[in-house]
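Model the full structure from these sequences, guided by the hints.
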Amino acid sequence: MLESNPDNGSNGGGTIEADVVIVGAGPVGLFAVFELGLLDVKAHLIDILDKVGGQCAELYPEKPIYDIPGIPIVTGQQLTDQLMEQIKPFGPTFHLGERVDSLQREGDHFRLVTDQGTAFKAKVVVVAAGGGSFTPKRPPLEGIESFEGKSVFYSVRKMAEFMDKDVLIVGGGDSALDWTLNLQPVAKSVTLLHRRDDFRGAPHSVEKMRQLVADGKMRLIIGQVTQLHGSEGWLEAATVKTKEGEERIGVTAMLPFFGLTMKLGPIADWGLNLNENLIPVDTEKFETSEPGIFAVGDINHYPGKLKLILSGFHEAALMAQKAHQYVYPGKKVLFQYTTSSSNLQKKLGVK
Amino acid sequence: MAKITFIQPDGSSQVVEAQNGVTVMEAAKLHEVPGIEAECGGACACATCHVYVDEAWREKTGTPADVEEDMLDFAFDVREESRLSCQIKVTDALDGLVVRVPAKQF
Ligand SMILES: Cc1cc2nc3c(=O)[nH]c(=O)nc-3n(C[C@H](O)[C@H](O)[C@H](O)COP(=O)(O)OP(=O)(O)OC[C@H]3O[C@@H](n4cnc5c(N)ncnc54)[C@H](O)[C@@H]3O)c2cc1C
Ligand code: FES
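For the record, the sequence lines run as chains A and C.
Sequential numbering of the first sequence, starting at 419, is according to the numbering used here.
Sequential numbering of the second sequence, starting at 218, is according to the numbering used here.
Some clues are possibly wrong.
[Stated by the list, open to error] Some chain C residues flagged as far from chain A (calculated, every beta-carbon gap over 10 Å): (1) Ile224; (2) Glu234; (3) Gln236; (4) Ala273; (5) Asp312.
[Stated by the list, open to error] Which residues of chain C face chain A? A partial, calculated answer using Cβ under 10 Å: (6) Ala260; (7) Ala262; (8) Cys263; (9) Tyr269; (10) Glu286; (11) Met288; (12) Leu311; (13) Phe323.
[Claimed, not checked] Some chain A residues well away from chain C (every beta-carbon gap over 12 Å; in silico): (14) Glu503; (15) Gly515; (16) Ser520; (17) Asp526; (18) Lys606; (19) Ser607; (20) Glu625; (21) Glu650; (22) Ile667; (23) Pro674; (24) Leu696; (25) Glu705; (26) Gly710; (27) Lys723; (28) Ser729.
In case anyone wonders, no lab produced these hints; they're calculated from the structure.
Virtual Cβ for every residue (Gly too), placed ideally from N, Cα, C.
Rendered as structure tokens:
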């Protein structure tokens, strides 16, 4: 849908300098770009997902929302698309598929580093992290943690690593099917395990997979994994429950695909005050316990807080006023309407 | 109106009263039944409201619709009697319903 700006050197080694870095590109992070943009403050957004829109795009793209003021009905994806359209004039830079791991104050600015090693130097940080980072669900199998990273993976970085592996892929959606088809020619063997003989994934992928099974090139098991066996992180076998009973199959790698869930993640280590995984803020500026770090949307907490998109939009507008002061110290903000201010209309590209 | 019994993995149980029209998930949340997380608030988008319907009640609660079946793929230890409790509406016919809460919702 969108690409990060290549001349911004998102992975180019050096530190990226920014007025504002927004952690999280959910609806509230996106709208923050607009409110900041009206005040001439430019933003970089970082999200662990490979797309923008947060919960709206990931959890309910097709479902209708009825309580966005002035829009009687809009789906999660439509709202995301329209927010993208609305903020386009402000040229935000997106860094998708990256998780912000650390945030530190360094003199008069902040330093943020992602899991991909991208570093930012920002005057202001806006945490719009919603319910936290979208993270793959971990099947509640005993001892699974000890295998993670060595023989249990939630994503594939290098296919070659599976060359000599007997791979068990679990799930019935596109991720499970795509990796089955991609790894089948590479891995020593591939077994796909799904709880029912019906797949949510794209029909042509299902067809290809069934052909491979018919040709004896891979195995499909209808059932569920109940136990993992192995030692020191190296998987040797998995117990699988099927209609016929239990079976122990020899596998040396497992890829479970059970969707994503939101986990607070690294935010817990940023030295911010936390209250039950939420960041307390004031209701004038939506600033955290650390001056210059703001929190808007689902991630923040204050008396009377409602986790609604419309509340997040309001918070973003007030936050922008104070953020402006950090970016342009001493400069006064003139209160203006988009309807009547030719200055604002120029910024929006409508004049 | 229906009385619904939620049985926990340790065997303990809790009976709650639910108005017609609410969902079994909502009844559980209103009465703080442990083990029903319902992260998505009933939108059939999270599978963290998974329950096992007692054998005697399976016919009355019916079978999952396609979207619910798809979502059940994201639940753990799914069985024949698995349902997402946010997709079961309470009616008089469900008075006495018994459901089991799974050991883990993921
Ligand atoms: C099924 C469902 C239906 C809903 N219906 C409505 C409705 O009708 N009306 C309404 O107002 N609200 C509704 N909501 C709630 C609404 O979606 C949320 O209030 C809204 O998404 C919050 O927006 P946000 O931008 O604060 O956070 P989110 O949408 O949660 O986005 C936060 C983003 O930050 C990212 N992130 C977090 N930490 C990091 C990190 N360290 N590094 C990188 N990225 C990070 C996450 O991956 C995520 O993409 C609904 C929610 C659900 C689940
Ligand atoms: S509450 Fe999320 S699927 Fe039922």
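Hint by hint, here is what the structure shows:
The Cβ of isoleucine 224 of chain C lies farther than 10 Å from every Cβ of chain A, with a closest approach of about 19 Å, so its non-interface assignment holds. Even its closest Cβ contact with chain A, about 28 Å, leaves glutamate 234 of chain C beyond 10 Å, as expected for a residue assigned away from the interface. For glutamine 236 of chain C, the requirement that its beta carbon stay farther than 10 Å from each beta carbon of chain A is met, with the minimum near 22 Å. With a closest Cβ-Cβ approach of about 22 Å to chain A, alanine 273 of chain C is found to remain outside the 10 Å limit, as its non-interface label requires.
Annotated as non-interface, aspartate 312 of chain C keeps its C-beta farther than 10 Å from every C-beta of chain A; the closest such distance is 31 Å. Nearest Cβ of chain A to the Cβ of alanine 260 of chain C: about 6 Å, under the 10 Å cut. The hint holds. The criterion of a C-beta within 10 Å of any C-beta in chain A is met by alanine 262 of chain C, whose closest approach is roughly 5 Å, and the hint holds. The beta carbon of cysteine 263 of chain C is positioned within 10 Å of a beta carbon in chain A (closest approach about 7 Å), and the interface hint is therefore held.
Hint status for tyrosine 269 of chain C relative to chain A: violated, with the closest Cβ pair at about 14 Å, above 10 Å. The interface hint given for glutamate 286 of chain C is met, as the beta carbon of that residue sits about 7 Å from the closest beta carbon of chain A, less than 10 Å. Here the hint on methionine 288 of chain C is kept, as its CB sits about 9 Å from the closest CB of chain A, short of 10 Å. Of the supplied interface hints, the one on leucine 311 of chain C is violated, with its beta-carbon coming no nearer than about 25 Å to a beta-carbon of chain A, more than 10 Å.
Hint status for phenylalanine 323 of chain C: holds, given a least beta-carbon distance of 5 Å to chain A, under 10 Å. With a least beta-carbon separation of about 25 Å from chain C, glutamate 503 of chain A lies farther than 12 Å from that chain, consistent with its non-interface assignment. Every CB of chain C lies more than 12 Å from the CB of glycine 515 of chain A, the least distance being 22 Å, so the non-interface label holds. For serine 520 of chain A, the requirement that its beta carbon stay farther than 12 Å from each beta carbon of chain C is met, with the minimum near 27 Å.
The claim that aspartate 526 of chain A is not at the interface with chain C holds, since no C-beta of that chain comes within 12 Å of its own (minimum 39 Å). At the 12 Å boundary, the C-beta of lysine 606 of chain A stays outside the reach of chain C, the nearest C-beta of that chain being 27 Å off. Distance check on serine 607 of chain A: its Cβ is at least 23 Å (rounded) from any Cβ of chain C, clearing the 12 Å threshold; non-interface status holds. Glutamate 625 of chain A, annotated as away from the interface, keeps every beta carbon of chain C farther than 12 Å; the closest lies near 18 Å.
Every beta carbon of chain C lies more than 12 Å from that of glutamate 650 of chain A, the smallest distance being close to 25 Å; the non-interface claim holds. The Cβ of isoleucine 667 of chain A lies farther than 12 Å from every Cβ of chain C, with a closest approach of about 18 Å, so its non-interface assignment holds. For proline 674 of chain A, the condition that its CB be more than 12 Å from all CB atoms of chain C is violated, with the nearest at approximately 10 Å. The beta carbon of leucine 696 of chain A is kept farther than 12 Å from every beta carbon of chain C, the shortest such distance being approximately 15 Å.
Interface exclusion of glutamate 705 of chain A from chain C stands, the closest Cβ pair being 28 Å apart, more than 12 Å. Its beta-carbon lying about 32 Å from the closest one in chain C, glycine 710 of chain A satisfies the requirement of being farther than 12 Å from that chain. Interface exclusion of lysine 723 of chain A from chain C stands, the closest Cβ pair being 16 Å apart, more than 12 Å. Against the 12 Å criterion, serine 729 of chain A stays outside the reach of chain C, whose nearest CB is about 15 Å from its own CB.
When each numbered hint is compared with the structure, violations occur for hints 9, 12, 23.
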